[in-house]
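Protein chains: 2
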Amino acid sequence: MNALRIGMVGLGTVGTSVWKNLRSQGELLAARCGKALRIEKVSEKNRERARLAGVPEAQMVDDWRELVRDPSLDVVVELIGGTGVAAELIRESLSHGKDVVTANKALLAEQGRELTAFAAERGKRLLFEASVAGGIPLLLALREGLIANEILSLHGIINGTCNYLLSAMTSRALSFQEALREAKELGYAEADETLDVAGHDTAHKAVILSALAYGFWPALYEVHTEGIQNVDPLDLHFAQELGYRLKLLAILRSHPKSGEIEARVHPTLLRKGHLLSSVRGVFNAVAVRGDVVGETLFYGRGAGGDPTSSAVLSDLASLARRETTAPSMVPSGRQVALTLRPMAEILSRYYVRFLVEDHPGVLAEIARIFAARNISISSVIQPEGHRGQTVPLIILLHQSQEADVQEACRIIETLPTVKRPAILLRVEDLDGEEGRSS
Amino acid sequence: MNALRIGMVGLGTVGTSVWKNLRSQGELLAARCGKALRIEKVSEKNRERARLAGVPEAQMVDDWRELVRDPSLDVVVELIGGTGVAAELIRESLSHGKDVVTANKALLAEQGRELTAFAAERGKRLLFEASVAGGIPLLLALREGLIANEILSLHGIINGTCNYLLSAMTSRALSFQEALREAKELGYAEADETLDVAGHDTAHKAVILSALAYGFWPALYEVHTEGIQNVDPLDLHFAQELGYRLKLLAILRSHPKSGEIEARVHPTLLRKGHLLSSVRGVFNAVAVRGDVVGETLFYGRGAGGDPTSSAVLSDLASLARRETTAPSMVPSGRQVALTLRPMAEILSRYYVRFLVEDHPGVLAEIARIFAARNISISSVIQPEGHRGQTVPLIILLHQSQEADVQEACRIIETLPTVKRPAILLRVEDLDGEEGRSS
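Protein sequence lines correspond, in order, to chains H and V.
With positions in the first sequence counted from 1, the corresponding number in our numbering is that position plus 2.
With positions in the second sequence counted from 1, the corresponding number in our numbering is that position plus 2.
Watch out, some of these pointers could steer you wrong.
When chains are identical, the list treats them as one kind, so a pair holds in a single copy or across two.
With a cut-off of at most 35 Å between alpha-carbon atoms, the simulated DSBU-like pairs for lysine-lysine come out as follows [what the hints assert, rightly or not]:
id, residue 1, residue 2
1, K126, K37
2, K22, K259
3, K274, K186
4, K37, K259
Hints were generated in silico from the structure; no laboratory data involved.
Please read all numbers here as calculations on a predicted model, not as lab measurements.
If we strip away everything but chain H, and leave its shape as in the complex, we get (with noise of 0.2 Å):
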């Protein structure tokens, strides 16, 4: 049988797993794929890591330049992070005509619209399930299950540390600090846990989304990226008591009219009823609305060596099956150029807090600066107090645009009844009968 002859480069806990488990699942692959798939060479600076993954010396290659040159080699899978030295190794493994896999996100951010050019004009493929929620197949359903359908929306649990922060959070009330420490302990979250708790994460993915989504590499610096580190407590505790979650979504909407793509992460209130207001923990889940196929949804383990490994091998026998060199990315299909709606336009439900004194009035008076800018108010919480006492007071808005819900917002905080920045959560809800649960 011939064989799918492959160098991997780096071998930190998912090149170590796609290592183990390209062992493990050998056999079954073969049968599948009806050809091998073999590592032939593994380049990694830390002899130690390989060695305790059992990689035969004669298979390490000390230098990746070597490896990406040799021309025994069909394929490389990048596995080494980070922006630079990737880079140049993607390239330098496309321009030696090999087919490229990586879990790379925040390569692919920064960088996607170029590398994916770059390969197509080579024939090559750039191949990248592992870079978004791992375990799950969700670039090959948009790529290839709902290629019938334009993408309407996307709304994405797909930081596991985030979710797993957020839900000890809710169900322990626990504070952000306290649930930090515990991630961290169950290796849940990083030393340096700021990638992954400010949303940037959750934004490299975003863009990737998008790209599939839509054939649209928004610029990861004007995406919207708001995270959980600031989240209060007290906002959980009212967000149930109205009826919702609040869950870390990267949410992507599209706008054939006028051509434009909504791509933001920030903390969103979901209602308890549906589906993604009930993914607990570590795990990742996308509720995907196509226009033809209308609501879909996708779960599993976003991270982890096994999860990233069953989607790297999946991209391996991608290539190891279809001797065509399809594309990797497909096109909008809309003759539109596509551009980025910017934040201050978009339109959301939202949910705002403010810290007043208890004085009659005070809420006729927000409510009127709200009605000024033809903001309207769904619901009110405003918890009892003592006259002169500083009370939290909870506002639900309809939907509205950013730009004037902000402004209203800064004008509100300028009474002299109001005694802190107000804090501003949007609402996702999550159209009709589709997606509710029971």
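Position chain V relative to chain H; hints supplied.
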């Protein structure tokens, strides 16, 4: 631009939707496939349907035999249903060098092994993404996305009618007949509901899923199949009380050591915490556990013209995009010959309800009979009654073998204090943290 030239047979709900959606999504699909998808010929006996769908007279073909022999066509889409003419049509199409796309689950469940082999011998592809859980790209996920995984188990809600009925009975305490009447009015149940409510449709799909997951086609008549037509609202009530919901599931499970596959269809109690238990109304959802990836779940609309046509179009796109004839099925990859595990030998947890005379000692007697077969009881609900009255007695059993439980129930039913045949429902505990919602 060259085109994929399609002949379609059958203009029912699905056929009409495929025609309509290929018109609306044609530009999108052409851009994404690098090739136009063009329905050149349509065969449908009922000319009125063709007229209503807007198929031009010039594209209509009276005899499907003429259509499948047309040398200008690349693909035949079979959407007439049934197992007679449809089988002949598919064989004829393959014999005449066409690839075939079908949504015909009854036919595949009956003759899928022969038909896929027939296609493979001719180097042609027989694709059927639309045959199971239409709106969910599930077969694609099994065939490609999870290709590196041995599928450990699969639990699927794959009949929208049954899920609608059970949801309505649970949330609004309707009887089966009341829920059925409503479902018929809403178009969620066929005039003759038997195929759906007796579990046959689910069994058809279970056979197809087994083929995808294991390369193993169980004989349809050997798949243990129970429907929901006898579900008593009383059991929905007690299930609720015990923290469960009742769903009609297709269950697959592999036993690699013995080379056995479980494939069965029956109403099943699922813990309320699990996402599957929250799937409401006509939606479908399938939880798939892979040995590498862990638990995944796929959710969407299972039936209806639009979701089903989304799947048909994705199969057509896959034919348009690939010049190679990759296999439409994946072999199991294991060297063992697989067999179906007999129902009597499966292990499960159970819910059993007896109708008993309210006498002291009745429970002890029943417990003794279970214990004699090493079946242990995990909980009991015994509503209080008056001495001598008949009352329900609900017993949850730990994992036991089907044959033992059945035998114990037969013996218990002979007790003078036991008034009616036992109601027996199986319970699936989808393990661990995975798939648990909050």
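Right, here's what the structure says about each hint:
no. : hint          : verdict
1   : K126 <-> K37  : both (19 Å within a copy, 20 Å between copies)
2   : K22 <-> K259  : between (49 Å within a copy, 21 Å between copies)
3   : K274 <-> K186 : both (28 Å within a copy, 29 Å between copies)
4   : K37 <-> K259  : between (46 Å within a copy, 25 Å between copies)
Hint compliance for this structure: every hint is met.
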